Amino acid sequence: MAVEADVSVAELIRALAGGLSVGAITPEELIGHVVKGKTVMEKIPTLFERDERFHVVDRPRAECAWVFDGAGVGTEKLDGTNVRLTVRAGQLVRVEKRRNPSKAQKQQGIVDGWYVDTDSGSAEDKWILAAAGNTDVSGWPDGEHPSEALGPRIQGNPLGLEDHRCVPFDFQAPAVPEVPRSYHELRDFLATLDSRFSPGHVAEGIVFHHPDGRRAKIKRKDFPRSVPA
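For the sequence shown, the working numbering begins at 1 and goes up steadily by one.
None of these hints come from the bench; they were simulated from the model. Please note that a few of the clues may not be correct.
[Said to hold, decoys possible] Below 25 Å or equal to it, Euclidean Cα-Cα: the simulated DSS-like pairs (lysine-lysine) are: (1) K221 / K103; (2) K106 / K217; (3) K106 / K221; (4) K106 / K43; (5) K97 / K221; (6) K217 / K43; (7) K219 / K106; (8) K43 / K221; (9) K43 / K219; (10) K43 / K103; (11) K97 / K126; (12) K97 / K217; (13) K43 / K97; (14) K97 / K219; (15) K219 / K103; (16) K126 / K217.
Note that the structure is predicted; figures quoted are calculated from it, not measured.
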């Protein structure tokens, strides 16, 4: 649904709820559309607005105001490939990968990515599946877990890992305490931030997590090389 319309997932759900209130759809239809919407990923917003060169500028985005109010906690943003692992009774039953909208789709207003199934016969998915297969999910709760696939053959292996694995965002992302919240302090902080996941390597960035589920991100490379004081 949401990938076919110029709306976010949240806006889509509100619209469907409105349809329910006036009798345009049934409760069963509403639930069906919401379940279908689980396969769509809303992009995590970057903390700051960007300039024409796609660098961030010292102008916080309105939807990220909670970060600058001091809410939420920071975790390390891992530099790999976004996947989703479905677990049932401690067993891995499904591996999906992120699909971003094409240029043509973006021109149609489709901005959010979505998940699609991996293919065991596809060379493109070989190392994602290797990472998933090497990940011990026996202690994971049942559910669909957005994760980062990492390893020697994924994204150039910036963390210098010796094997492939997946790290779930919801309960295993490395915490980063006392993260600064201002533009200049964040730029300086990220310039030398050591990875908690792979010490000796520079972390890619930070993801802030609000207790209500909202997230916001900032990466080291988002900043221009020189910033006016």
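Okay, the hints, checked on the actual structure:
no.	hint	result
1	K221 / K103	23 Å, holds
2	K106 / K217	21 Å, holds
3	K106 / K221	23 Å, holds
4	K106 / K43	13 Å, holds
5	K97 / K221	24 Å, holds
6	K217 / K43	10 Å, holds
7	K219 / K106	23 Å, holds
8	K43 / K221	18 Å, holds
9	K43 / K219	14 Å, holds
10	K43 / K103	16 Å, holds
11	K97 / K126	12 Å, holds
12	K97 / K217	20 Å, holds
13	K43 / K97	14 Å, holds
14	K97 / K219	21 Å, holds
15	K219 / K103	23 Å, holds
16	K126 / K217	28 Å, violated
Of the numbered hints stated above, the single one contradicted by the structure is hint 16.
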